[in-house]
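J.: Residues per chain, in single letters:
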Amino acid sequence: MASRSAGGGKPVERALNVLALLKSSRVPLTLDAITNEVPGYPDEAVARRAMFERDKRLLREAGVVLHVTVQDDNTSAYSVDANDLEVHLDLERDERHALGVALAAVHLGVGQGRSAAGWLADDARADVAAPIAVLGGREGLRTLYAASVERAPALFHYHGERRDVVVERLAAKDGYWYVLGFDRTRGDRRTFRVDRIEGDVELGERGSALAPPGPVAEVPSDPWGFGADAPVEVDVRIDAVRALAVRREVGADRVVAEGDDGSITVRLRVANPEALRSWALGLLDHAEVLAPPPVRALVVGWLEAVAGGQA
Amino acid sequence: MSRGPEPGEARLRRLLAMLPFVMERGEVTVAELAERFDASPDRIVAELEMAACCGLPPYTDELIDLWIDQDVVHAGVPRIFDQPLRPTAREAFALVVAAEALLAVPGADPHGPLARGVAKLQAALEQGDVVVVDLGQPWCLRDLRAAVEAHERVEVTYWSAWRDATTTRLVDPWATYTAHGRWYLDGYCHAAGARRRFRVDRIDELRPTGEHFDPVPVDPPVEAGLAPGSDTRTVVLRLPAAARWVTEAYALTAVEALDGGGLRVTLEVAGRRWLERLLLRVGPEAVVESPEDLAGVGRDAAGRLLQRYR
Numbered sequence: 001m002a003s004r005s006a007g008g009g010k011p012v013e014r015a016l017n018v019l020a021l022l023k024s025s026r027v028p029l030t031l032d033a034i035t036n037e038v039p040g041y042p043d044e045a046v047a048r049r050a051m052f053e054r055d056k057r058l059l060r061e062a063g064v065v066l067h068v069t070v071q072d073d074n075t076s077a078y079s080v081d082a083n084d085l086e087v088h089l090d091l092e093r094d095e096r097h098a099l100g101v102a103l104a105a106v107h108l109g110v111g112q113g114r115s116a117a118g119w120l121a122d123d124a125r126a127d128v129a130a131p132i133a134v135l136g137g138r139e140g141l142r143t144l145y146a147a148s149v150e151r152a153p154a155l156f157h158y159h160g161e162r163r164d165v166v167v168e169r170l171a172a173k174d175g176y177w178y179v180l181g182f183d184r185t186r187g188d189r190r191t192f193r194v195d196r197i198e199g200d201v202e203l204g205e206r207g208s209a210l211a212p213p214g215p216v217a218e219v220p221s222d223p224w225g226f227g228a229d230a231p232v233e234v235d236v237r238i239d240a241v242r243a244l245a246v247r248r249e250v251g252a253d254r255v256v257a258e259g260d261d262g263s264i265t266v267r268l269r270v271a272n273p274e275a276l277r278s279w280a281l282g283l284l285d286h287a288e289v290l291a292p293p294p295v296r297a298l299v300v301g302w303l304e305a306v307a308g309g310q311a
Numbered sequence: 001m002s003r004g005p006e007p008g009e010a011r012l013r014r015l016l017a018m019l020p021f022v023m024e025r026g027e028v029t030v031a032e033l034a035e036r037f038d039a040s041p042d043r044i045v046a047e048l049e050m051a052a053c054c055g056l057p058p059y060t061d062e063l064i065d066l067w068i069d070q071d072v073v074h075a076g077v078p079r080i081f082d083q084p085l086r087p088t089a090r091e092a093f094a095l096v097v098a099a100e101a102l103l104a105v106p107g108a109d110p111h112g113p114l115a116r117g118v119a120k121l122q123a124a125l126e127q128g129d130v131v132v133v134d135l136g137q138p139w140c141l142r143d144l145r146a147a148v149e150a151h152e153r154v155e156v157t158y159w160s161a162w163r164d165a166t167t168t169r170l171v172d173p174w175a176t177y178t179a180h181g182r183w184y185l186d187g188y189c190h191a192a193g194a195r196r197r198f199r200v201d202r203i204d205e206l207r208p209t210g211e212h213f214d215p216v217p218v219d220p221p222v223e224a225g226l227a228p229g230s231d232t233r234t235v236v237l238r239l240p241a242a243a244r245w246v247t248e249a250y251a252l253t254a255v256e257a258l259d260g261g262g263l264r265v266t267l268e269v270a271g272r273r274w275l276e277r278l279l280l281r282v283g284p285e286a287v288v289e290s291p292e293d294l295a296g297v298g299r300d301a302a303g304r305l306l307q308r309y310r
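Residue numbers (the working numbering), protein chains in the order written: chain U, 1 to 311; chain G, 1 to 310.
Think of the hints as simulated: they come from the structure by calculation, not from any bench. Incorrect hints may have been included.
In silico EDC-like pairs for lysine to aspartate or glutamate, Cα to Cα no more than 20 Å straight-line [unchecked claim]: (1) U:K23 <-> G:D82; (2) U:K10 <-> G:D201; (3) U:K173 <-> U:E139; (4) U:K173 <-> G:D201; (5) U:K173 <-> U:E274; (6) G:K120 <-> G:E24; (7) U:K23 <-> G:E24; (8) U:K173 <-> G:D129; (9) U:K23 <-> U:D43; (10) G:K120 <-> U:D195; (11) U:K23 <-> U:E86; (12) U:K23 <-> U:E61; (13) U:K10 <-> G:D42; (14) U:K56 <-> G:E9; (15) U:K56 <-> G:E6; (16) G:K120 <-> U:D90; (17) U:K10 <-> G:E6; (18) U:K56 <-> U:D90; (19) U:K173 <-> G:E248; (20) U:K23 <-> G:E62; (21) G:K120 <-> U:E150; (22) U:K173 <-> U:E161; (23) U:K173 <-> U:E218; (24) U:K173 <-> U:D195; (25) G:K120 <-> U:E86; (26) U:K173 <-> U:D222; (27) G:K120 <-> U:D84; (28) U:K56 <-> U:D84; (29) U:K23 <-> G:E9; (30) U:K173 <-> U:E249; (31) U:K23 <-> U:D81; (32) U:K23 <-> U:E37; (33) U:K23 <-> G:E6.
These figures come from a predicted structure and were not determined experimentally.
Next comes chain U alone, as it looks inside the complex (with noise of 0.2 Å):
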């Protein structure tokens, strides 16, 4: 172990340093102040600003508030909050371990990390045999979710459009991702799914993301019943074989019509009919979209392209 020698000239140890400081004085400190305390400033005052200068943006960088007050002198003072820097969670034991385990069982595929909050929690990877659960995920998740806890807007391209969203919820359904928020752009509230965003996604001004009072935007509980046209109502015929999970899956209410061989016809509401089309497809020979004559004839289309088309 090195003598504890009194600080050095190198940057994060200064820096270090100037947050120690802030942090236990009671009030204010001024550039002169400080680097006259803390080891490694040069005398020479244009150097010792530039340096200062440097060691005040690492801060930032780091995540460190830095607050100013202009003096009586017009001269600049610093201080820290210890409610900017620190997090009083007060977590008991059980809690501790409960979000170790939670972060060692649940897989998120993205930005995970070993050290995203994990000082927060227990090292439970030991009680946890094999994940859970596996959420795929994008990049543009963290950042989203930084907007809505920065009420920054979230900046986006989405259907070759730009978009301005106050994010309101993040949510996981299906296998998706999706956004909910206010589309500043379209002045109404949107759902967005995750994996359609174009490019990445950026943060606006900090703090100036305000939704209009009223419910959230729905996480679409069916992938057709998300989209952009008017909802329809569209028959699909299900034969026996799979009759049994297709009602479990969209709901025993859906159910229109039961054929002497077993078959149901299922009503659905869909706003989306490619999204239609894929399930319905993905039943191959089980299933037959019936009505109405648009959305029976997309199929037709796109199996006569597939017949057509593939090699």
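Chain U is already provided as a structure; the job is to place chain G on it using the hints.
T.: Same frame as chain U, but now just chain G:
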């Protein structure tokens, strides 16, 4: 593990998280810190040794009180950085989502330690119900999880997608888990005489048998999907840009970006019907590059289904 030059802000942030962590626990091994804070042991030691020289003027008595002895970091008097670092939203995201996901698993205690812990975190971040996780609940999931807990053999009537056929079989249920929106069961299939993975939503009927089996340590792969077997084949597909959803919906062994936004993907396929399903969903621009004998699968399936519509 971090390698090479690391930005100063990242080093500082890690220190600010690590110092209160060590102080709260009193002693922690270097190995655990390296693992938890994603840095090499040498870097951890160097950073902490530097931190031990920091503190308050005149930098004699009021220094950060820690030392390293035989790869264990010891904290003395907690001072200065003795409270947990407030996580940024990005740092908190993984923890919040993991907690909400685990709380969405059927049987989770909505008032237990996990629920209380994440509620405290969300309150500290001034966040309410921003993250909602719905893992779904196939009709037999609770009974199945109970059978896994009890090591009880079950009889299942199961629709096999790759065969497009329904069979009844005895299964020793080893573990259930959810991946990308689907629940899976790993277990021993007595009909196959081997380990099999089942999609829980394809179980049409589930019956207890009253028979029990010896528990088997199981480590399901993180990426669910087809478990390769003797009847699987490697298929290479060329997909249009519009079919990028395939990369998130299916377990792929290789993905190659192509000019124009398309993809070349490699995956294991068991059964013609399974491949038909995928190709029909992707549409006319999908191309089976190999094996050659599967090149017309999509076209033939589309032709067959068209008979229903005419």
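J.: None of the hints should be skipped; say for each whether it holds.
T.: Evaluated hints:
1. U:K23 <-> G:D82: Since the Cα atoms of K23 (chain U) and D82 (chain G) sit roughly 11 Å apart, the hinted pair holds (cutoff 20 Å).
2. U:K10 <-> G:D201: The given pair, whose Cα atoms are some 59 Å apart, is violated under the 20 Å limit.
3. U:K173 <-> U:E139: 18 Å, holds
4. U:K173 <-> G:D201: Within the cut-off at roughly 15 Å; holds.
5. U:K173 <-> U:E274: 19 Å, holds
6. G:K120 <-> G:E24: The hint holds at about 19 Å.
7. U:K23 <-> G:E24: 19 Å, holds
8. U:K173 <-> G:D129: Holds. K173 (chain U) to D129 (chain G) sits at ~15 Å (cutoff 20 Å).
9. U:K23 <-> U:D43: 24 Å, violated
10. G:K120 <-> U:D195: 30 Å, violated
11. U:K23 <-> U:E86: Holds: K23 (chain U) and E86 (chain U) sit about 11 Å apart, inside 20 Å.
12. U:K23 <-> U:E61: 17 Å, holds
13. U:K10 <-> G:D42: 18 Å, holds
14. U:K56 <-> G:E9: Measuring from Cα to Cα gives roughly 11 Å; hence the hint holds.
15. U:K56 <-> G:E6: Cα-Cα ~18 Å, so holds.
16. G:K120 <-> U:D90: Measuring from Cα to Cα gives roughly 8 Å; hence the hint holds.
17. U:K10 <-> G:E6: 14 Å, holds
18. U:K56 <-> U:D90: 30 Å, violated
19. U:K173 <-> G:E248: Roughly 13 Å separates the two Cα atoms, so the pair holds.
20. U:K23 <-> G:E62: With Cα atoms ~13 Å apart, K23 (chain U) and E62 (chain G) stay inside 20 Å; holds.
21. G:K120 <-> U:E150: 18 Å, holds
22. U:K173 <-> U:E161: Given pair K173 (chain U), E161 (chain U) is violated - Cα atoms ~25 Å apart, limit 20 Å.
23. U:K173 <-> U:E218: Cα-Cα ~12 Å, so holds.
24. U:K173 <-> U:D195: Holds. K173 (chain U) to D195 (chain U) sits at ~13 Å (cutoff 20 Å).
25. G:K120 <-> U:E86: 14 Å, holds
26. U:K173 <-> U:D222: 10 Å, holds
27. G:K120 <-> U:D84: Given that 20 Å is the threshold and the Cα spacing comes to 16 Å, the pair holds.
28. U:K56 <-> U:D84: 16 Å, holds
29. U:K23 <-> G:E9: 18 Å, holds
30. U:K173 <-> U:E249: Measuring from Cα to Cα gives roughly 14 Å; hence the hint holds.
31. U:K23 <-> U:D81: 7 Å, holds
32. U:K23 <-> U:E37: With Cα atoms ~14 Å apart, K23 (chain U) and E37 (chain U) stay inside 20 Å; holds.
33. U:K23 <-> G:E6: Not OK: K23 (chain U) and E6 (chain G) at ~25 Å, beyond 20 Å, violated.
In the structure shown, a violation is registered for the earlier hints numbered 2, 9, 10, 18, 22 and 33, in ascending order.
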